Every structure is written in C-alpha cells, then in structure tokens.
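Undergrad: Below are the chains, spelled out letter by letter.
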Amino acid sequence: MAVTTVEGFPTRAQFRPRLGFRKVTGAVFTGLGLVAICIGLGLLVWLLIDTFVTGLPWLDWQFLTSFDSRFPDRAGAKAAIYGTAYMMFFTLILALPIGVMSAIYLEEYAQEGKLKSFIQINISNLAAVPSIIYGLLGLQVFVRWMSLERSVLAGSLTMALLILPIIVVATQEALRAVPPSIRDASYAVGATRWETIRHHLLPYAFPGILTGNILAASRAIGESAPLITIGALTYVPFTPNSPLDRFTVLPIQIFNWVSRPQAEFQGVAAAGIIVLLVVLLLMNSVAIFLRQKLQRRF
Amino acid sequence: MLRKSWGGKFALLFGALLALIALVAVACGGDDDDEKGGETPASGGQATQAGGGQATKPAPTSTPEKVKEPANKAELAKLKGEIIIDGSSTVYPVTAAAAEEFRKYAKDVRISVGISGTGGGFKKFCNGETDIQDASRPILPTEVEACKAKGIEYIELPVAYDGLSVVVSPKNTWAQCLTVAELKKIWEPDAQGKITNWKQVRDSFPDRPLKLYGAGADSGTFDYFTEAIMGKAKSSRGDYQASEDDNILVQGVSGDENSLGYFGYAYYIENPGKLKLVAIDEKGDGNCVLPSEETIRGGKYQPLSRPIFIYVRKEAADRPEVQAFVKFYLSKSFTPIIPTKEVGYIPLTDELYAAITKRFEEKKLGTLFPKGSEVGATLDRYLK
Chain A
93 MAVTTVEGFP TRAQFRPRLG FRKVTGAVFT GLGLVAICIG LGLLVWLLID TFVTGLPWLD
153 WQFLTSFDSR FPDRAGAKAA IYGTAYMMFF TLILALPIGV MSAIYLEEYA QEGKLKSFIQ
213 INISNLAAVP SIIYGLLGLQ VFVRWMSLER SVLAGSLTMA LLILPIIVVA TQEALRAVPP
273 SIRDASYAVG ATRWETIRHH LLPYAFPGIL TGNILAASRA IGESAPLITI GALTYVPFTP
333 NSPLDRFTVL PIQIFNWVSR PQAEFQGVAA AGIIVLLVVL LLMNSVAIFL RQKLQRRF
Chain B
4 MLRKSWGGKF ALLFGALLAL IALVAVACGG DDDDEKGGET PASGGQATQA GGGQATKPAP
64 TSTPEKVKEP ANKAELAKLK GEIIIDGSST VYPVTAAAAE EFRKYAKDVR ISVGISGTGG
124 GFKKFCNGET DIQDASRPIL PTEVEACKAK GIEYIELPVA YDGLSVVVSP KNTWAQCLTV
184 AELKKIWEPD AQGKITNWKQ VRDSFPDRPL KLYGAGADSG TFDYFTEAIM GKAKSSRGDY
244 QASEDDNILV QGVSGDENSL GYFGYAYYIE NPGKLKLVAI DEKGDGNCVL PSEETIRGGK
304 YQPLSRPIFI YVRKEAADRP EVQAFVKFYL SKSFTPIIPT KEVGYIPLTD ELYAAITKRF
364 EEKKLGTLFP KGSEVGATLD RYLK
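Protein chains in written order, with this note's numbering: chain A, 93 to 390; chain B, 4 to 387.
Worth flagging that the hints you see were computed from the coordinates, not collected in a lab. Bear in mind that the values here come from a model prediction, so they are computed numbers and not experimental data. Heads up, the beta-carbon is just placed ideally off N, CA and C, and yes, glycines get one too. Please note that the accuracy of each hint is not assured.
The calculated label-pair distances, taken between Cβ atoms and stated as ranges, are [as the list claims (entries may be wrong)]:
no., chain 1, residue 1, chain 2, residue 2, range
1, A, Val137, B, Lys374, 56 to 64 angstroms
2, A, Ile224, B, Leu280, 53 to 61 angstroms
3, B, Thr199, A, Val350, 41 to 49 angstroms
Examples of chain B residues lying across from chain A (beta carbon under 8 angstroms, computed) [unchecked claim]:
no., residue
4, Pro96
5, Ala99
6, Glu103
7, Val183
8, Gln254
Chain A on its own, in the form it takes in the complex (with noise of 0.2 angstroms):
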C-alpha cells in the first residue's frame, strides 16, 4: 500500500542492490589507499636507502668526534652534534615548564569567553607560523636587543619559541583526555582544584603531555631555517664552553657540507644525515616507550 511509502522512495521491488558494483568500487578504493601509503613508504624507503649508502662509509669515530675541516675524510660532525645537544636541553628546559603550565592555566583555570579565545585562536595560528618568522624574531630580539649574539643561547629562546604552541596544544589536548568523572570524584572529596591537578589531571595527562613534549623537540632538532636566520651557518671548530658561546647544529652542518663543490662531502653530508636521523628515531621511540608504559586506560 502506498500509505507506508515515503514519497519518492524506491519501493521494494524497484531496489537494486547491485552487490557486484558495490564490491568493485570498495575494492578500487582498498587498491588506491595501498598505492597511496606505497608512493610514501616507497618514497622513504628509497631515501633512506640513498642515504645509508652514501653515508655509512664516512660514518665512523673520526666522523664522531672530529671538527670540521677542508679534507672530507678528516671532516666530523663533534661540533654540530654538541651543538645541538645544548640547542635541545636549553630550548627544552626554556619551553617545557611555561608550555605546560600555560597549558595548564588555559584548560583549568581560565574562564570561558572572548579573552580565552581569543588566547586559544592566536595559539593555534602561532603553531602554524612559519619556521623562518621566529628566526627573525629571534634575530631582531634575541640577538640585536638582548644582545645575545649569536649564541646557544639565543637559539634556544627562538627554537623555544618555535615549539611553545605546539607544547601548549599537545598538552591541552592531553589534559582534554582526562574523563570529568576524575575531576568531579577529586572534587567530591575535597580535594583544593591545585590538589585535583597535581594529584589527578596530570598524572593521567603525563604520557599524552610527555609525547607532545618529545615531538616538539623533534620538530625543534631538525630545523635549519631560523638558525640560519640569527647566524649559526658557520665553519665552528670547537664546542660550546657555556649557553653564550658560538655553536652549529646538524642540520646546518649537513647544509653547508652538501653546498661544497667537492664531491666526497655529498657522503659526509649523508653521514650527518645518519647521525641526525637516529637522535631522531631515539628521540621518537622514548616517546613511545613512555606512552606505552605509562598509559592508563578508562
């Protein structure tokens, strides 16, 4: 009977399941999402490998703990690599406490309205500023007002800066994932809103803020383009005494040893590819250690 038809949809008899159709195109789909990930992987794959092969014949102890030279085969990367070891812990021990504790003013405490937003929107543009815009910052601030020149210190306030958005939004969201029922029981019985936090909120938001943490020190550690902007591209044959000195890091070392006309340094570069590559992979994989080890489940 008409009565139980919607207007203008097929009835019974008129529907078609064309399984065969259906089936095809869930198919097609399954075969491009598997060329999709192959073009990436592939991709990685063949550079990694270009890499290594190139590389790992220079990768060595002299590579490790030798300056810079002229000579490819006497050319190390000890300077770039304590370099960037100072670069990381000053620009971690800079960033990590006021990301997280603004993190943790904006999700907590902060009332709701204009102003917060209004924090929360300029935080999230912040993050997606491009790199060379804090190394000018950094330049015009750091190095020309603060006069800090163009030390370890002053890169690690700008690479601070680079990462702070970044920190402050993985530790919003880690905080976010806290369920309220946590906070609501910790309320329930008495508990101050500092001893909610301290005992509660972070201890379940650890692994998440701690992942967000060691990403954006990952994204910190590779990057050349604001360094490059307060003047760290130089030939620096020994290694920082204190956070005031002169330094390189890896990624401007491997830039300045690829633009050499000679060729042996293409494969010193790869070595500092290398090198660069497992502080990375190192760096990563604690994160995921941490996050499997410490994460509970609700």
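Model the placement of chain B on the given structure of chain A, informed by the hints.
TA: Just chain B now, with coordinates in the frame of chain A:
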C-alpha cells in the same frame, strides 16, 4: 593508590631528565680530548676516497712552495680568545682553511667563520658584530658610510685571487679567443635550446654541435661566472652538463672535441695536457688575454678574475690572537695552501703579501678602492 603510582612516574620522569642532563654533561666534559681530528689524517675506512688528505701536495704553481711552520709556535700555543669572522661564501674556503691550519698551532683560539654573503657580512661588520669580514669585492661607498656612521674603522687586506678559466678540448682548432659578448650569447638563459652549434657563436666557426660543461648551480663558481658574463648572478641556461665536482667537468671537456666548459683556474693547472685554454676578449676589441698567474695577478684577465679581501676591525686588530691569526693568514705558513685543490685560489705575489702584512702591522685604515668594485683593478696600489 593514585598518589603512590604518581610517585613511580615522577621517578621515571626524573630519570629521563637526569639522562638528558647527563648527556649534556658528557658533552661538556670531553672538551680537549680529541684534538687529533684537526691534525692527523683519518686512519681507516676511506681508502677509496683518499683524494682528501693532501695538505702538503705541491701547489700547482710554476715554483712549488713548501708550507713553513710559523716561527713563533711557542707564542701561538699560549694565545687564548675568540675571533668572529663572517661574510662572503667565496672567501669562506680560504678563511676556513686558514682557521683550520691556525688551530693546529693555537688550540685555544676559537675561530668561527660564517657565511652571510659579502653584503650581509658588511652589515654585521659595520655594526661591530664581527671581528673580520670576508669580502669577494672591495667595500662599497655605501658600506663605507654605514661603517663610518657606527664609528667602525677597518684595515683592508687582499688575500688571494679568484680566477675562472674557459676551456675547450685540445682537438678544438677554431676557438682561440672568445669575447665576453660571445660567452654571454652562449650561456644566457635565452640561449637555452637555441644556441647549439659553434657556427651560431661566430660565423667563421665550423658547423659542429656545441657541447657545454659548467659549474652546478650550488657552487660559487657558478655565481661568479654568471655575474661576470651575464651581469646577474645565477642567470644561466640550464641545458648543459653541470657538476659541482670540477674534476668531472675536466674529464667531460677533455673527452669531447665539440665541448666548451668553465671552472676554477686551479683545476686547469692540474690538468694542462687534457685541456686548451680560451683567451678572453673583454671589450670585443681584439685584445685577447689568456689566464695565467701573471695575467690574473696583474688584473689583465678580466672579467673572470678578481682579488678577494678580508677586512679587520681596528679594535679587534689590537687583540693579540687576531694579530697572530691575520699574520699567519698572510704568511708562508698558510699562503702555499691557497692554491691546493681543497681551497683552489691563486695566491698573491710574495712582494704583495709582504707589503700587505706591513700594512696590517702599521694599521693603515680605510680602503684603497674608493669607488668599490673596479674592473681591471690591480693590487699595485698596496705596494706604495
């Protein structure tokens, strides 16, 4: 319960932080333990790439010179301090090599050499941010003003010549001399795909295909050649055999009768039998000049040669470590290294080095190039 497990996590976090601090501590600790990197050639691993360690390789000059040890070794070893150098990427290989050699004798002098271009470097130099400025051209009148405005005074010291050679195969009998206009016709971006035959370059040339070899876009040689010939850096056709490794270009040009190529003069000197030099006629008036140490040093081989400079800030020049470094740079302990293949420039005459060292010792301020870059400029003015 929660509280207790939080303690465990706190310990973990603390441990991670400790590990990070330990890493930095290790980085700080091992400071002076492996200076060997700068002095002895690497022992193993790279037998196939042995082209590198040739510091004592005879210079490709007519009279090979030996590197002399500095006379004041004991004094150098006692020096301490920091020297900040920045500027031209063209001068960088020379200055970085000087810094590397100097470090063998003066371990505690920390020299850093930056690359921000001659113009960018002068901005920092005239702002008092650097001690020594690397420059591939004399200071410009505008930069003189900028330095004056900040009260920065400087000593101008030429350190070497940068020269390019245009070469063909020894079997090429027609190309003896090319004008700059002809080189421009061959290499300008508009020539891409159009100028493919020697006859198109000059009517009297035979009807043969033109095979081009040149520096890759990443090299300073490319920048300099394009600037000198096209008048604009990095302006070039793209359809030629390009390589950053000049040795590949040497092989390419020598094995191909129809070839034309350009690269650093030092590379020609290393392979004179395989290549034939082309003389350059700068103004198109039949005055062809072949590159040689004499014509390059005399400023006659134009526009493909030029002197390169360092500028030392006056206050910095009063510091003993800067004094020692600059004197070392201009001395027989370093200048014989300038023409080796890792550096690849042409040193000045001994007479000029002596005069320039004296100029530095007497702290003669200002530039002898009041108009900035001059085509065909010689360095005789430093002898007076």
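Undergrad: So, for every hint listed, does it hold in this structure?
TA: We went through each hint and held it up to the structure:
1. Val137(A) <-> Lys374(B): 56 to 64 angstroms: This hint holds: roughly 57 angstroms between Cβ atoms.
2. Ile224(A) <-> Leu280(B): 53 to 61 angstroms: 43 angstroms, violated
3. Thr199(B) <-> Val350(A): 41 to 49 angstroms: Given a distance of about 32 angstroms, which is not inside 41 to 49 angstroms, the answer is violated.
4. Pro96: Holds. Min distance 7 angstroms.
5. Ala99: Ala99(B) check passes; min Cβ-Cβ to chain A is 4 angstroms, inside 8 angstroms.
6. Glu103: 6 angstroms, holds
7. Val183: Status violated, d = 24 angstroms.
8. Gln254: 12 angstroms, violated
Hints 2, 3, 7 and 8 from the earlier list are contradicted by this structure; the remaining hints agree with it.
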